[in-house]
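S.K.: Chains A, B, C and D are the protein sequences, given in the same order. Counting from 90, one number per residue, gives the positions in the first sequence under this note's numbering. Counting from 417, one number per residue, gives the positions in the second sequence under this note's numbering. Counting from -5, one number per residue, gives the positions in the third sequence under this note's numbering. Counting from -11, one number per residue, gives the positions in the fourth sequence under this note's numbering.
In case anyone wonders, no lab produced these hints; they're calculated from the structure. Worth double-checking, as some hints may not be accurate.
Said to hold, decoys possible - Here are the simulated lysine to any residue pairs, SDA-like style, with alpha carbons at most 20 Å apart:
1. B:Lys544 / B:Leu520
2. B:Lys481 / D:Asp30
3. B:Lys534 / B:Arg454
4. B:Lys481 / B:Tyr528
5. B:Lys530 / B:Val459
6. A:Lys151 / A:Ser167
7. D:Lys34 / B:Thr493
8. D:Lys34 / B:Val496
9. B:Lys530 / D:Gln219
10. D:Lys87 / A:Ser174
11. C:Lys67 / B:Thr493
12. B:Lys432 / C:Lys67
13. D:Lys34 / B:Val459
14. A:Lys128 / A:Leu91
15. A:Lys151 / D:Pro101
16. A:Lys151 / D:Ile104
17. B:Lys544 / B:Gly533
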Amino acid sequence: MLDFFGFSFISLGVLAFLVSSIGLIRMPDIYTRMHIGAKSTTIGILLIILGAICIEPSWAFKLIALASFILMTNPLSSSVIARASHNDNTPHLNPTNTDEYKNREDQS
Amino acid sequence: MIEGILEYLNQTEVIKTIVILGSMGLFFVGLFGLLSQRHIIKVFISIGIMEIAVFILFIGLSFQKGLTAPMLGDAHTSFVQMNDPIPHAMILTAIVIGMAVLALGISFAIEYYKLTGKNRLDQMNEMKH
Amino acid sequence: MIGLILLGTFIAVIVIAFVAITQPKLPDAIILSMGVGLAAVVLFVLFQAPDVALTEAVIGTGIGSLIYLMALKHLGEQK
Amino acid sequence: MNIKRDISTTTLSSFTLSAFFVLTVLSILLQNIPQKLFSAGDSLLKLNSDQGVANAVTTVVVYFRGFDTLGEIAVLFIASFGIGLMLTSQTHGDKNKVKSNFMLQLGARLLFPIIILFGVYVMTFGHLSVGGGFQGGVIIASAVLLMFVSSNHFHLSHRVVEVLETFAGISYVMIGLIGLIVVDSFLGNFLPHNISQLGLLLSGGIVPIIYIIIGIKVGSEMSLIVQNMLQRSDND
């Protein structure tokens, strides 16, 4: 029974990866692509780790440590990519041309 | 039909042939890049790909179907039915040394670029005249 | 089954390497050469060599990307 | 890319010819591949079973090929020395043109001890599971790289790296010489290594100690390479 839940979680994670790769092809500019890449990759990896915990419960501690590491690094890298592309004056495309970060001074 | 193809691909000779021809193909891709590209970074990338091809050939020839990694674990309690550990040890050090030597080469290229302003192989003609 | 997986991974390695070499943009070529290293990691795991796979993963994508990107920063763009 | 313009016809045709030649020779050779390529691996595995080390690759790297590993570390040291000699930087200005923001600095400061801990784990358990000194050293160097990228004020003390590297090199040779005196072979295993203690942290005699020494050496040299390649960028 636990195996069934594990494999269904892993299938959901793979589905999230599929949706993410379709979105990477369809999205127009770098900001929306970064959104797709960060969000749905996080969901996919977390679902796969949950499935692995269900299948092999004795690995739970290592897998939870891995999940917390991913939860720490993934938003960090996507925010760094967004800031770098904004500092580089990468153009926004038409549906996403709201720029709330423009008039704000850089305070490190 | 599909089972026949899978059976054919699982034979030891066929696996060794796939390893040899595949790594040879990867080596030739790297050699093609080394001969056709002119930018210095592309040349270094091609050399890295040729290195990886040699590593894959070395590890793949020592692989036998059905044997495990040379390491004791939960299921293996004695050193029988294991792969050959010597190629693993040699390639492990070769990867580290290869990356350090690549960094040394790139530092030479950076200093050359600071002195002369040339970063393409067809412009480097000081020795010609 | 392992023969089919090996065949597919070798084809993937060769295709990624060819695309990386004939790529006109240098940053894309660097990222794709890291992809060649990751596919080689998959091959090493299939060949039952986990030590070599760990070394290649750490060096090929950690320090190697730094060295190539530093070279890109100093050596300038193509043409 | 245009193949006809970039490559001359002679190069392309000779390339094709050589590839065709190699494939022909290979197809002849591949007619009779032996089922098992004979090597010294089986007898080495048999020798390995009285060392008290679970990972056979570690035994081969540190114990059977220990003298070669000493030479490879010397090659690594010379490469790091050459990079430091080529890329000397005189000025110390601001490292990055754009200041890194608060979130990146905090995240890097949080992640730095975790990555160092993981590197030390990989280094210390090299004789019991996957890993070892080379991998752990490079992981520590990648943690140093993260701090260099994120923070403007991080500086690796040259004196500390020098002391660590000298200590590692000298103690490697000293342990080898003690083995030469006690067991009559260079890098002989003079500490107790009983097969019944397999699985404990201090089970392999001198094998884990030497792998930790290799880890310190590789980590400090790779950190120096990272520092030299990044510091060159501030005086363009």
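S.K.: The structure should be examined with respect to each hint, and the outcome stated for every one.
M.R.: Right, here's what the structure says about each hint:
Distance check on the hinted pair: Lys544 of chain B and Leu520 of chain B sit about 25 Å apart at the alpha-carbon level, beyond 20 Å; violated. Among the hinted pairs, Lys481 of chain B with Asp30 of chain D is consistent with the structure: their alpha-carbon atoms are about 16 Å apart, no more than 20 Å. A hinted pair counts as satisfied when its Cα atoms are at most 20 Å apart, and Lys534 of chain B with Arg454 of chain B qualifies at roughly 11 Å. A distance of roughly 49 Å separates the Cα atoms of Lys481 of chain B and Tyr528 of chain B; the hinted pair therefore is violated under the 20 Å criterion.
For the suggested pair Lys530 of chain B and Val459 of chain B, the alpha carbons sit about 19 Å apart, so the restraint of at most 20 Å is met. For the given pair, Lys151 of chain A sits about 25 Å from Ser167 of chain A by alpha-carbon distance, which is inconsistent with the 20 Å threshold. For the given pair, Lys34 of chain D sits about 13 Å from Thr493 of chain B by alpha-carbon distance, which is consistent with the 20 Å threshold. In summary, the hint linking Lys34 of chain D to Val496 of chain B is supported, as the alpha carbons are separated by about 8 Å, within the 20 Å threshold.
With a C-alpha separation of about 15 Å, the suggested pairing of Lys530 of chain B with Gln219 of chain D holds against the 20 Å cut-off. With a CA separation close to 14 Å, the supplied pair Lys87 of chain D and Ser174 of chain A stays within the 20 Å bound. For the hint pairing Lys67 of chain C with Thr493 of chain B, the CA-to-CA distance comes to about 51 Å; that exceeds 20 Å, so the pair is violated. At most 20 Å may separate the alpha-carbon atoms for a hinted pair to count; Lys432 of chain B and Lys67 of chain C exceed this at roughly 41 Å.
Proposed proximity of Lys34 of chain D and Val459 of chain B is contradicted: the alpha carbons are some 44 Å apart, above 20 Å. Distance restraint check for Lys128 of chain A and Leu91 of chain A: the Cα-Cα separation of roughly 27 Å exceeds the 20 Å cut-off, and the hinted pair is therefore not satisfied. In summary, the hint linking Lys151 of chain A to Pro101 of chain D is supported, as the alpha carbons are separated by about 17 Å, within the 20 Å threshold. Among the hinted pairs, Lys151 of chain A with Ile104 of chain D is consistent with the structure: their alpha-carbon atoms are about 17 Å apart, no more than 20 Å.
Restraint check for Lys544 of chain B and Gly533 of chain B: the C-alpha separation of about 17 Å stays at or below 20 Å, so the hint holds.
Violation of the numbered hints given earlier is confined to hints 1, 4, 6, 11, 12, 13 and 14; the remaining hints are satisfied by the structure.
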